[in-house]
Each structure stands twice: as structure tokens, then as C-alpha cells.
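J.: Given next are the chains, with one letter for each unit.
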Amino acid sequence: MKKLLILSGKGGTGKTTVASAIIKLAKAGAVADCDVDAPNLHLVLSQKTDPAVTEFLGGDKAWIDAEKCSNCGLCKENCRFGALIELNGTMQVKEYSCEGCGVCEAVCPEGAVSLHTDVAGKKELYQAERVFSTAVLKMGRGNSGKLVSEVKSAMLKNAPDTQLAVIDGSPGIGCPVMAAVSGVDFVLIVAEPSYSGLSDLKRLLSVAEGFQTKAAVCVNKWNISPENTERVEDFCKEAGIPFVGRIPYDPTAVAAANNGQTLADQNNILKTAVQDIYCQVMELLGISCK
Amino acid sequence: MKIACLSGKGGAGKTLVAVNLAVAASHIAYVDCDVEEPNGRLFFKPQDLQQHIVTTRLPYFEEEKCSGCRKCVDFCRFHALLYVREKPLLFPEVCHSCGGCMLVCPQKAIKEKENPIGLIEEGRYKDIHVITGILNPGEASGVPVIQEALRYAEGDAIIDCPPGSACSVMESITDADFCVLVAEPTAFGFHNFKMVYELVTLLKKKCGVVINKELLPYEPLESFCKEKNIRILARIPFDEETARLASNGEIAAEHKESVRTIFMELLEKIGGAI
Chain A
1 MKKLLILSGK GGTGKTTVAS AIIKLAKAGA VADCDVDAPN LHLVLSQKTD PAVTEFLGGD
61 KAWIDAEKCS NCGLCKENCR FGALIELNGT MQVKEYSCEG CGVCEAVCPE GAVSLHTDVA
121 GKKELYQAER VFSTAVLKMG RGNSGKLVSE VKSAMLKNAP DTQLAVIDGS PGIGCPVMAA
181 VSGVDFVLIV AEPSYSGLSD LKRLLSVAEG FQTKAAVCVN KWNISPENTE RVEDFCKEAG
241 IPFVGRIPYD PTAVAAANNG QTLADQNNIL KTAVQDIYCQ VMELLGISCK
Chain B
1 MKIACLSGKG GAGKTLVAVN LAVAASHIAY VDCDVEEPNG RLFFKPQDLQ QHIVTTRLPY
61 FEEEKCSGCR KCVDFCRFHA LLYVREKPLL FPEVCHSCGG CMLVCPQKAI KEKENPIGLI
121 EEGRYKDIHV ITGILNPGEA SGVPVIQEAL RYAEGDAIID CPPGSACSVM ESITDADFCV
181 LVAEPTAFGF HNFKMVYELV TLLKKKCGVV INKELLPYEP LESFCKEKNI RILARIPFDE
241 ETARLASNGE IAAEHKESVR TIFMELLEKI GGAI
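From first to last, the protein sequence lines are chains A and B.
Residue numbers for the first sequence follow the working numbering, beginning at 1 and rising by one.
Residue numbers for the second sequence follow the working numbering, beginning at 1 and rising by one.
Looking at chain B on its own, in the form it has when it is part of the complex:
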């Protein structure tokens, strides 16, 4: 089974929940799809690292064949091609690698080359297969890196998603059997939680809530969950020791029995729900 951890708001505790859940589960893959800021590896410090480069395809032009007909320039809906001195000029940062320019070129003057945009880093932490997608700074879209990272996870996996509720999150949860919505019991946290709940409902995914950093129950969140019949699977109280452990890249469930118990129970409840 594949369990995705998502939150809408950043910093709600997706990585904390995903990492500790993986430790509670053991014999599982942890896939970091938060490719813009992949932080699970800072907790696992995985060994036996292997790196795989992720590429997209970019067009290039064989000048001697190009007749300057500008069919490619007119075709590109992303305005990635500009017509300069009767030749096409590529702006790689807006190219979507759709292959359309190559398809419409009557001279077959357009070829493609591989363009690196990020990395997949694979390693081991005890019996956890740690897979990290890392987007190169300056690249616009992490979606191809997310797709590639997910391909490396065979069998059971915990998926650590990016924040928000846009296309990268949707891509990360495509094959998830269950979505853990990590919510911060605050006005900001609740507002973004509703957005991400809408997303998982739209995709008809099973889901449940983990309330993180709880000082006091946040009434609007409680009544929303009750009204929509969303199960609250766990409550992680705010305490400075857990916060400090997390800030130093320590896995809380391996240092605090109370945290370990929370995640063992959470895992059981998810298993039951699936």
C-alpha cells in the first residue's frame, strides 16, 4: 500500500509524520516528492547512496536543414520559440518538452537532446529504502522529478508530498491508497487544510487527519472534521523536546516512547481504514 502525507500549508509537519511513519512501519520505501525542498534525507542520513540524473527533452535545430518556415514557432503555445533572423531560437525555461515543434517541422530539422533538471538519490536507512527527488535550483517544474522518484518505489511506500494543492501535489498522490492530511490547529493551517481536503475528495482518495503541534484543539477544525465525517487519526501535542529533536534532524519516534506509540497506533488505524 502507498500512504501519502500532505498538508496544504507548508511546515505543518508532513516530513515529520512521513519519516516517523516510515520508521514505525519498517520494511518500506520513503519517497520524498517535495523536490523543491527535500528534507526527509536530513533525518534518515541514508547510506549506500546512488544518484540517478533526471532529464527532460529539449529541442535543437539543425541549421543546414532549417528553411526558416517558422511552423515550429507558430505551433508552440508556450512561446518557448522566438523567430530571430529567420531562424527559431529556444527559451528552454518555458519549454514543456511536448515535442510539437519536432512533429510539425516539414524539413525534419529539429532533434531533441536530454536536459538534466534534477536527481533521484537512493539510499538505505536500516530497512527503509530512502528515495529522494531533488530539483535543480533554477528549474521551473518539479513534476518530472516527482514522477521519476515514484517509479523507484516498488511495493509499499510512504510518500512525502510538496505543500499546496496544485499539480505537483496531485502528481504525488496519483497512486496513493490513503492520504494522511497533516493539519496545524491554527487559522492558517485550517484554511489550507480545507483546500487540500477538497483536492483529495476530488480524486476520491481515502483520507484521515493528523493534528500536529497541538496546544489546544482548534474549534473550527474540530467541527469541520465532525461535519464532513473526516476521521482524526492522531494528535501530536506541541512540546519543545519534539520540536528540538526535529530541528536537529533526529527521528522523534526513535528517541521518545510517547511519539513512537502515536505512530504505531496511527499505522494500525491507516491499515484498518484501507
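So here's chain A without its partners, still in its complex pose:
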């Protein structure tokens, strides 16, 4: 199985738009949405059946037994995350600040602190026409990298014999992106033709290089700024990264997504552009796109 990951650095450049079109064009049998902070792939990949839902267990959270607590303040003093506050004469844990390190439990002389597993989100697995693994992280939770790894492994476990897996990533360069890059064969970066887009592209490539993963770049909405599209292409040429195509800005792209359709379901210039990118990426992956 070849694993293709779609990333962008900057948000909103069109990762999901490109990923969903490639999924349709390739008839990919394995798909994962690793943008667990803001998952959208399910909005354009209609599924005939309901998903199997499982809990995502994040880190632990501390809990204080008010009856045992003597309010000595040692936990608060030793907590580096500011997760303990005194409220009405007892210590309480701020759920969103607690990282579950267990220091408070270790220092409490009364044995009043215990740690409990925190349900930090849910995972969803569709298995009808394709294996589609996705998830939602709860508000304000950390551990998104762990959830990304679990979403990916659920996809791999349930579709081991598929030729191509397509993974939609998240913006940024932090923990969830690094968890998504780990173990994939190829990263397609969707860049935006702007100063911001180019700056974020460079930051993302420095992370991908660290993983020694092969990458290629395409530009979305290129005609918003032909000059900046050239800048991205020139940068790729200099850095020795394959540039695999441009997708124009066209209002029909938004209309398609609003109707739950991908660019591959269109019959216009957008479909031709994304098809061309798809074929070049498949060639780089050593798969025939016909």
C-alpha cells in the first residue's frame, strides 16, 4: 500500500478540496481525515452507512477527593501547568489545564488525589464503499497527535490490501502534522499563492525534511496572484521539489463543496487541473493513474 498525505502549512489553502478529488479519481479504498481539530472530509464523501464509533482516550486528568483534602497547597505549589485552584476552601483541578502528569498525586500527603482516564474525543470508522477513518477531538483538548496516530492505524488495520491510501492532514507544523507525516510514502502540499502561503510552505518543508519523506507541491487558486504562483514555482525549482500543477480560482469550487461534491464530480477546468496533478503524483508514487 502507498500512503499519500495532503498537507498545506497554512490553513484554508484547499487540502480537503484536493484530497477529496484525488480520492474520487483514484477510487481510493482507504481514506483518513487526520485534521482532528476541524474535520471536513466527511462533508464531501457521502457514506451509505453509519460509522462504528469508539471513544478516544487522551491523557489522564487529576481528581481531588474533597473529604480527604486538607488544603495544604502542596499540589498547587508543585503543578507546573497552573491546573490547581483553591475554591471554597478546597483544591480543585482545572480540567483544561491539567496535563495528567501525576505530580499532584505524588506530593499529596493525604492521598486525596487520583488520576482518571479522560475521554478526549471520538473515532469514527466507515466501512461500506471504502474504509474511511475520521475523528473529532473534544473542545480544548490536547493530545491531537495521539488521536491522529489512532485514526491512521484504524484505517491501515481495516484496509490492509488497498493499493492507495489518501490521508487529509491538518494545517500547521506541530504535533498532529508530525504524527500524520510519520510512516507515509509521499506528501502532496497544497500551497496558496501569497506571502503567507510561501512562508508557511517553507516551514512545513523543513518539518517534512526531518522525516525524509518525499514531497511535491501544487498551487490552488493560482490566478488570485500569478506573481506569487511564480514565486512558489521558483522556490520549488531551487529546492529541488517537484511542482505538479496549478488549480485556478473558480466560484464553482465553493458551490460544489456546499453541495457535498468534489472537484472530480465537476465537468470543467477544475477537474482537468486536479486530474493532471493526480496523474503526476501517481507517477511519482509509481502507480498508474489510468
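Possibly wrong hints are sitting among the right ones.
Computed, partial: chain B to chain A, Cβ under 8 Å [to be verified]:
| no. | residue |
| --- | --- |
| 1 | K9 |
| 2 | N39 |
| 3 | E86 |
| 4 | L90 |
| 5 | P92 |
| 6 | H96 |
| 7 | S97 |
| 8 | C98 |
| 9 | G99 |
| 10 | L103 |
| 11 | Q107 |
| 12 | A140 |
| 13 | M170 |
| 14 | L202 |
| 15 | L215 |
| 16 | N248 |
Source of the hints: derived by calculation from the structure; they are not laboratory data.
Just so it is clear, the structure is predicted and the values come from calculations on it, not from any experiment.
Glycine residues also receive a C-beta, built at the ideal position from the N, C-alpha and C atoms.
Go by the hints and put chain B onto chain A.
T.: Just chain B now, with coordinates in the frame of chain A:
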């Protein structure tokens, strides 16, 4: 007052709104908390730059004192310590800097050193104090950089948040008096807008919506705002000139009177709401 700009979905226009709002306000700090991809500075091109290194603490082991009791390894819930040849070995990328290993070591063999994970860049653009948090590529969590960036903003500030609705966003809006939710009138934009709205409601923050890149009103978003009684503070129409200005790192409110008017009015409405 502190005004945070957030969106859920990436690319909805958080930075566009935050930068132009800062220009409309003037005499204010602009804090870029989108530390994984800090782009406000590309618009401001701030002068008189000063850099401050942001560090976290990492444990190290004094070998001659370590008895190999492995209490530290057993304590670490993040599996950042591995027991190899009867000594602890640190995996820095998973360490949360909680200090627990140091606390439980009976030999006092564990010390800590500062480990750089990013930068705060401070500068000026006209009368705006531009503060940028920048996470080093390869670092997992930007939260310490966000906390540090916010510390540099004394008084009134516009806070440019990261995308999503996870811990980094929550950290960015901790002290915000008002949250501007920037929404894209599309199916994707609306879906992520609902998530970020849930987050600000959970934190009991005052908020209002700015609809960006509007071609036509997106009905589901309109009726959701009406139903939940969320005020639509401004509508920024999509036009290619504004898009081009933004793509070249230009501040639209300084080039287009129509954009300037939108942000002056937006600022007034936020002031009224607070």
C-alpha cells in the same frame, strides 16, 4: 480590552481581520498566537525588532549520583524516559516538563536545563506593538510560546489565534474580553465555525461573527446565527482586489477606503458589545 480573532477552519481570514482591526484601532498590541504559521508580521513588516528565546525545561541526569532505581522511569506518564542499561534515557520530544522525575528521584540525581523551543519577536509598525510567537519547526507543542507571547502584551491587544478548537486556541483566548469568530460562508467554514462557537460558549466569552469572503449569504450559517442569537458584526465581500492585496502582504484597510470603513465600524460595534 483584549479582542481575540479565531475561526476553527484555517484560511478563513483570522489574520486579515486581526491585522486590519489593529490598524483601525491604532495604539494597540497585535499578538500573533498562531505560532506554527505566524503570518501577521508579513503584513506589518515591523521595525526595531527584538528577539526573545522561549524555553522549556528538560531533565538531565548526573550519572555518578544515579543509582538506577528507575523510580523516574516508572513515574513518567508520558513515556519520555526509557530504562536502558540500568539508567534512564530521555526522549525530549515527548517530555512535558512537569518536573515529576526530579521530584521522585531519591538520589537528587536529576537536574533541569533550559531547552529552546521558539522565539518571541517584538517590533513596531506605526503605533502598533507587533508581538509574534514563533515555534521552532520540529517542536510538538506551541502552548508555551503562546503563553509567553501573551505576556508581552500590556494593555489593549488584538490576539490572532491558531486554527482549530483544541488546547492552543483555548490558551490563546484565556484572557480575551471579546472573541471575533471569523466565518467563511461555505459548508466547510460553517462546520468548523460551529465547533469554535461551542468552544467560546463553553468558556462563557462574549462573541460576534465576521463573515469573510462573502459571495452570497450561506443560508445554514445565517439561520444558525439567528437561532443562537449570535450577532453578525461585519460582512467582508469577496473581491479579487482585496484577495490580491492580502496575497502580497498589503494591509487592505490602508489601500481601500471600503475596507477601512468596514473595520472602523467593526471596532465600534465590538466596543459597544464590551
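J.: Do the numbers back the hint for C98/B, that is, is its least Cβ distance to chain A under 8 Å?
T.: The hint holds - C98/B has a Cβ within 8 Å of chain A, the shortest such distance being about 3 Å.
J.: Is the interface hint satisfied for P92/B? The criterion is a beta-carbon contact with chain A at less than 8 Å.
T.: violated, 14 Å
J.: Would you check whether K9/B satisfies its interface hint, that is, whether its CB is within less than 8 Å of any CB in chain A?
T.: holds, 5 Å
J.: So, as I understand it, the hint says G99/B touches chain A; can you test that by seeing if any CB pair is closer than 8 Å?
T.: holds, 6 Å
J.: Please verify that hint: L215/B, Cβ, nearest Cβ of chain A, below 8 Å or not.
T.: holds, 6 Å
J.: Does the CB of L90/B sit less than 8 Å away from some CB of chain A?
T.: violated, 15 Å
J.: Per the CB criterion, is L103/B less than 8 Å away from chain A?
T.: holds, 6 Å
J.: Close enough to count: is the Cβ of A140/B nearer than 8 Å to one in chain A?
T.: holds, 4 Å
J.: Does the closest beta carbon of chain A sit nearer than 8 Å to the beta carbon of M170/B?
T.: Cβ of M170/B sits 4 Å from chain A, so the hint holds.
J.: May I ask you to test the interface hint for E86/B with respect to chain A, counting a Cβ-Cβ separation under 8 Å as satisfied?
T.: violated, 23 Å
J.: Go through the hint on H96/B and say holds or violated, using the shortest Cβ distance to chain A against 8 Å.
T.: holds, 5 Å
J.: Less than 8 Å between beta-carbons is the criterion; does Q107/B satisfy it with respect to chain A?
T.: Nearest chain A Cβ about 16 Å off; hint violated.
Hint check: violations occur at hints 3, 4, 5, 11; the rest are consistent with the structure.
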